[in-house]
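With the sequences and hints as input, model every part of the structure.
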Amino acid sequence: MGNISSKKLGRGSALFMWLVYLFLYMPIFVVIMYSFNTNSSNLTFTGFTLKWYAQVLNGDNLWRNMWLSLELAGVATIISVVLGTLATIGMYRYEFRLKKYLNALLYIPLVIPELVIGLASLAAFSKLGMDMGFATLVFAHVTFCLPYVIITLRARIADFDASIEEASMDLGANQWHTLRRVTLPLLAPGIASGAFMSISLSIDDVIISYFVSGAGQITFPVKVYGMVRGKISTQVYVISTIMIVSIVVLYVIGTLILRAWRKRHA
Amino acid sequence: MNKKSNRSTLRLILVMVGPTALWLLLFLLVPLVYVIYISFMTKGLYGGVQSIFTLENYKNIFSALYFKVTGKSLVMAFETAMICLLISYPFAWILSKVPKKASGLLMLLLMLPFWVNGLIRLNGWSNILRDSGFVNRMLIQLGIIDKPLTMMYTNGAVLFGMVYCFFPFMVLPLHTSISKLDKTLIEASMDLGAGPVKTFTRVVLPQTLPGIFAGTIQVFIPSLGAFFVSDVMGGGSSSYLGNLIQSQFLVARNWPLGAAFSVLLIIFTLVVLKLYTKVGSLDDLA
Chain G
1 MGNISSKKLG
11 RGSALFMWLV
21 YLFLYMPIFV
31 VIMYSFNTNS
41 SNLTFTGFTL
51 KWYAQVLNGD
61 NLWRNMWLSL
71 ELAGVATIIS
81 VVLGTLATIG
91 MYRYEFRLKK
101 YLNALLYIPL
111 VIPELVIGLA
121 SLAAFSKLGM
131 DMGFATLVFA
141 HVTFCLPYVI
151 ITLRARIADF
161 DASIEEASMD
171 LGANQWHTLR
181 RVTLPLLAPG
191 IASGAFMSIS
201 LSIDDVIISY
211 FVSGAGQITF
221 PVKVYGMVRG
231 KISTQVYVIS
241 TIMIVSIVVL
251 YVIGTLILRA
261 WRKRHA
Chain P
1 MNKKSNRSTL
11 RLILVMVGPT
21 ALWLLLFLLV
31 PLVYVIYISF
41 MTKGLYGGVQ
51 SIFTLENYKN
61 IFSALYFKVT
71 GKSLVMAFET
81 AMICLLISYP
91 FAWILSKVPK
101 KASGLLMLLL
111 MLPFWVNGLI
121 RLNGWSNILR
131 DSGFVNRMLI
141 QLGIIDKPLT
151 MMYTNGAVLF
161 GMVYCFFPFM
171 VLPLHTSISK
181 LDKTLIEASM
191 DLGAGPVKTF
201 TRVVLPQTLP
211 GIFAGTIQVF
221 IPSLGAFFVS
231 DVMGGGSSSY
241 LGNLIQSQFL
251 VARNWPLGAA
261 FSVLLIIFTL
271 VVLKLYTKVG
281 SLDDLA
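Taken in order, these protein sequences are the chains called G and P. Numbering-wise (my numbering), the first sequence opens with residue 1 and increments by one. Numbering-wise (my numbering), the second sequence opens with residue 1 and increments by one.
Bear in mind the hints are in silico, worked out from the structure with no lab data behind them. All residues carry an ideal CB built from backbone N, CA and C; glycine is no exception. Among the hints, erroneous ones may be present.
Label pairs and their calculated CB-CB ranges [claimed, not checked]:
#1 G:44 / P:78: 36 to 42 angstroms
#2 G:158 / P:141: 55 to 61 angstroms
#3 G:254 / P:193: 46 to 52 angstroms
#4 P:137 / G:245: 36 to 42 angstroms
#5 G:242 / P:63: 30 to 36 angstroms
#6 P:48 / G:44: 46 to 52 angstroms
#7 P:190 / G:99: 41 to 47 angstroms
#8 G:265 / P:102: 22 to 28 angstroms
#9 G:131 / P:33: 21 to 27 angstroms
#10 P:273 / G:131: 30 to 36 angstroms
#11 P:78 / G:101: 50 to 56 angstroms
Here it is as structure tokens:
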């Protein structure tokens with residue numbers, strides 16, 4: 001990438017960069033620190049304890065909310081990835097009259113404030129006489145995850161060699177066979193990053209879930225939102241710490257496995 | 001192509017694209033159209049919607065009180081976007097300078113915090129910034145101040161929280177734009193005697209304009225609706241458009257008025273997008 005990338009970072013640039021990261025991570029350090037605090041008032045750090053962890057792992061109510069969030073992210077992501085992969089390949093391969101409109105529809109969740117999607121879903125679901133719960137959460141989550149999956153995948157498929165598909169067809173494979181054996185494996189990395197994006201978006205969502213969750217089915221972020229006016233319990237800090245540590249661990253394990261796999265197949 | 005293969009192609013299109021199209025139609029377009037419909041209806045006695053046409057809701061949102069809230073929210077969203085730009089532009093620039101392997105990791109570090117919910121991270125900030133928080137205690141201990149500075153529960157704190165939540169979203173489009181920059185043009189400009197300032201304003205800035213606009217939209221629009229930031233950082237008294245819509249819908253249960261405000265947000269979004277398509281492509285927004 002020419003001159004710019006080969007130059008070493010100046011001291012000022014490096015300092016600025018690390019300050020931005022400090023800004024980003026500062027509250028996370030606080031959250032992790034208070035998760036080990038003996039005193040639950042979150043006012044001062046009085047000493048180190050693991051008692052909140054023991055409490056959470058023994059089955060705190062909050063853990064149920066977290067499970068609901070994970071389940072929701074799982075279900076919404078599976079639906080989004082299946083629908084999104086099919087649609088991306090279909091839109092890439094074929095020309096059809098309504099494509100332009102479908103494209104426009106895809107961009108709505110990316111640009112419109114989430115608040116509007118949330119209340120529109122609530123209004124429409126209750127007009128249809130549905131009770132807010134897991135189903136409405138899944139419907140709304142897929143609606144905002146699906147476009148992200150498609151757009152992530154589309155970026156990958158753009159630099160995809162169409163001649164491989166043609167070769168497969170010329171060699172006598174039919175369209176389904178080509179899809180299964182040629183197209184999908186080539187798209188796998190894109191599907192993986194789309195899925196990761198979808199899980200992240202779903203787990204983090206407060207605004208849309210706030211509108212469409214029902215009494216018995218409250219996601220972790222919505223539960224936390226309910227506490228925000230008063231005091232956030234230490235258990236919330238514990239679960240957040242577990243989340244971020246597990247994602248780092250999963251990432252490191254994933255990278256190591258991938259590296260070993262590549263070495264073997266190199 | 002013969003008729004048979006034509007029909008099987010059509011079937012394939014339907015099978016592949018149909019489910020997504022149907023999903024977005026049912027769960028996105030229909031609800032949005034329904035919101036527009038509600039915005040012209042009358043509020044029912046016990047919070048429902050009565051199908052009686054009225055323009056009252058739109059008259060209401062332009063009343064002095066609400067007009068002020070809308071103005072205040074637009075200003076806040078604009079300030080948020082500009083401060084994010086000041087942080088994100090140099091940051092994205094630096095990211096494009098580091099070797100590719102490191103920049104991947106640094107990018108990951110940028111996204112990692114999202115695994116701790118935004119609400120909780122904002123709560124972490126409120127622990128740091130409140131009267132008895134870390135910053136104030138430190139300043140008092142150092143003897144710089146003798147009474148704690150009130151930082152939390154102010155409009156400044158809301159702005160701070162908005163910037164904190166949204167600036168990573170601006171880094172991504174800027175990074176894409178800056179990475180695409182034609183470096184030979186920069187060298188040519190410098191070789192021809194234009195100084196760094198002139199090179200920046202005449203060469204770099206115009207080329208990265210699509211990234212700047214895309215990033216600004218990524219921050220400006222969501223910050224208009226993000227009611228939870230002012231809930232955590234602003235305390236009870238500060239109300240923005242997002243809080244107003246949320247409370248009309250769920251507390252006051254005046255859906256028609258909430259819907260009219262939502263239509264206002266949709267219109268803002270469309271106007272901003274219209275402006276954007278003059279400089280960049282929609283695909284870069286993702």
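Now for the hints, and whether the structure bears them out:
no., hint, verdict
1, G:44 / P:78: 36 to 42 angstroms, "holds (38 angstroms)"
2, G:158 / P:141: 55 to 61 angstroms, "holds (56 angstroms)"
3, G:254 / P:193: 46 to 52 angstroms, "holds (51 angstroms)"
4, P:137 / G:245: 36 to 42 angstroms, "violated (28 angstroms)"
5, G:242 / P:63: 30 to 36 angstroms, "violated (48 angstroms)"
6, P:48 / G:44: 46 to 52 angstroms, "holds (49 angstroms)"
7, P:190 / G:99: 41 to 47 angstroms, "holds (45 angstroms)"
8, G:265 / P:102: 22 to 28 angstroms, "holds (25 angstroms)"
9, G:131 / P:33: 21 to 27 angstroms, "holds (23 angstroms)"
10, P:273 / G:131: 30 to 36 angstroms, "holds (35 angstroms)"
11, P:78 / G:101: 50 to 56 angstroms, "violated (32 angstroms)"
This entry does not satisfy hints 4, 5 and 11, going by the numbered hints stated previously.
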